[in-house]
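Those protein sequence lines, which keep their order, are chains U and E. Just so we're aligned: the first sequence equals residues 1 to 288 in this note's numbering. Just so we're aligned: the second sequence equals residues 1 to 250 in this note's numbering.
Simulated from the structure, these hints should not be mistaken for laboratory data. Please note that a few of the clues may not be correct.
Claimed, not checked - Below are the SDA-like pairs computed for lysine to any residue, each with C-alpha atoms no more than 20 Å apart in a straight line:
hint : chain 1 : residue 1 : chain 2 : residue 2
1    : E       : Lys-135   : U       : Lys-252
2    : E       : Lys-62    : E       : Ser-11
3    : U       : Lys-252   : U       : Ala-123
4    : U       : Lys-91    : U       : Thr-187
5    : U       : Lys-222   : E       : Ser-11
6    : U       : Lys-180   : E       : Ser-11
Computed from a predicted structure; not experimentally measured.
One letter stands for each residue in the lines below.
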Amino acid sequence: MILKIKGGIELISIFQYSFMQRAFIVGILISVITPCIGVIVVLKRMSMIGDALSHSSLAGVTAGLAFGINPIASAVIFSIMSAFGMERIRKSFPRYSEISIAVITSMGVGIAGILSGFVKNAASLNSFLFGSIVAITDFELFMVIGLSVLVIFVFILLYKELFYTTFDEESAKFSGVPVKSINFVFTLLTAITISISSRAVGTLVISSLIVLPVASAMQITKSYKQTVILSIIFAVFSTISGLYISYYANFKPGGTIVLIGIAILIIVIFYKDVLKYIFLKKHTKSNN
Amino acid sequence: MDNIIEVNNLSFGYGEKFILKDVSFSVRRGDFLGIIGANGSGKSTLMKLMLKILTPLSGNIKMFGQNIEDIKSWNKISYISQKLNFFNSSFPTTVEEVVEANLFSQIGLFKRPKKCHKEMVYQILKKVGMEGYRKTLIGNLSGGELQRVFIAKALINNPEILFLDESTVGIDAKSEETVYSLLTDLNRNHGLTIILITHDIFQISHIANRIICLGKNGLLEQDLKNGMTEDILKEIYGQSLIDFKDKRWD
Chain U
1 MILKIKGGIE LISIFQYSFM QRAFIVGILI SVITPCIGVI VVLKRMSMIG DALSHSSLAG
61 VTAGLAFGIN PIASAVIFSI MSAFGMERIR KSFPRYSEIS IAVITSMGVG IAGILSGFVK
121 NAASLNSFLF GSIVAITDFE LFMVIGLSVL VIFVFILLYK ELFYTTFDEE SAKFSGVPVK
181 SINFVFTLLT AITISISSRA VGTLVISSLI VLPVASAMQI TKSYKQTVIL SIIFAVFSTI
241 SGLYISYYAN FKPGGTIVLI GIAILIIVIF YKDVLKYIFL KKHTKSNN
Chain E
1 MDNIIEVNNL SFGYGEKFIL KDVSFSVRRG DFLGIIGANG SGKSTLMKLM LKILTPLSGN
61 IKMFGQNIED IKSWNKISYI SQKLNFFNSS FPTTVEEVVE ANLFSQIGLF KRPKKCHKEM
121 VYQILKKVGM EGYRKTLIGN LSGGELQRVF IAKALINNPE ILFLDESTVG IDAKSEETVY
181 SLLTDLNRNH GLTIILITHD IFQISHIANR IICLGKNGLL EQDLKNGMTE DILKEIYGQS
241 LIDFKDKRWD
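The shape of chain U in the complex, shown without the other chains (with noise of 0.2 Å):
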């Protein structure tokens, strides 16, 4: 009893921090909207838009430092432009669609490259490299809301339309689905949530937050619903507890939840596996 007190003390003493608070709140609604759009992006099979994306937000970030703008704002703005040029390069190369991505992570990497030269503090812009989610100032919690309910409203209310849009296009459209329109609002939504979440877990590792979740629930579920809702399940889990990790290990927050996230998938795989077997066991064992 005095152990479970003690415990549960212990759990909550790390919200005594107002940074931690912070943390949390920001954690855990970047992990309800990663894995929203995440699990378009899986199923559209563009999985590498989110690195490309994020390292455009790289680029923004670098800029914000370098001019003394907010870098999460100016992450915001150059992602948005580096999605939709992401779509007209693609149209340009309608074959060779990874061209686009390989360009404007290319072109990313090169603005962020040559604007560094101009960021005074290094190790401001190393913080958006890894993510530094127990240091968001109060501006950055609010802008990170924000967004973010902004995208969950979005996302729920274009839901059956994105699903529809993500499995048939075609067909999507001609049964009077709004698709470049749709289309268009998800590519703004990709861009706001991967610059956001840049703050958080650090651009390096966006992509996985983005893929990871999504990847696990796929093994197991059997609806789209339920991939959406258990995504959103693993996402949250891995932010929850690579933050307590990460406070009482002194590890880094944003590795520490990526790490989470590929242990999920890799005991979601594990089960799937040994049901697999066991069933093929029971399956001889009957024919026998």
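Using the hints provided, position chain E relative to the given structure of chain U.
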């Protein structure tokens, strides 16, 4: 029977190469029209032109007496695309979710499906004998079952015309038989007009009441139901099929 589709002097091509040239034909209400032809003869292109997915170079198409450019609501028409034969089978979605998706025009933008929509999905799945598979992942269905689901998806809006582009590609003979008998039932007993692109000239000559052939130079001949002539088969498919035809139609 009245004409519900009229295709007049339709031409389509890329650059200087024509895929379809001066194609004209009509479809009557209640027709089961088969479209056959070799690969690259423009069968899918013709269907996409009829569905306004592509725009013709010249000519015009009328549907229900209206120029297709002026048609705003396509509720009376359903289409099962060739792409669905190659869809991502690991897409985590259920039969119910897939069929319900096509209710978009009835549910409306930004709105959530209601109980009545779920009931509509159940009833249409019952019609194609798939009501027991509502919660099944589409990736766990056989090719024939999947085609029945896609037919249910197409029928959910109660269309007057059903377009199918090579809907039986990649499925076994037994499943193919089930799909064809379902289509025949929908056409003969429910009055659904069906336009089906296929390579299976043997099956189509049994179930369709009209067949049109597309050759290298556009439309070769229509109403071939009572005569699949050697010249036409040779023109479309080459000599090897003549031997096949002799074996099957004798």
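Do the hints match the structure? See the list:
no., hint, verdict
1, Lys-135(E) - Lys-252(U), "42 Å, violated"
2, Lys-62(E) - Ser-11(E), "15 Å, holds"
3, Lys-252(U) - Ala-123(U), "14 Å, holds"
4, Lys-91(U) - Thr-187(U), "15 Å, holds"
5, Lys-222(U) - Ser-11(E), "46 Å, violated"
6, Lys-180(U) - Ser-11(E), "27 Å, violated"
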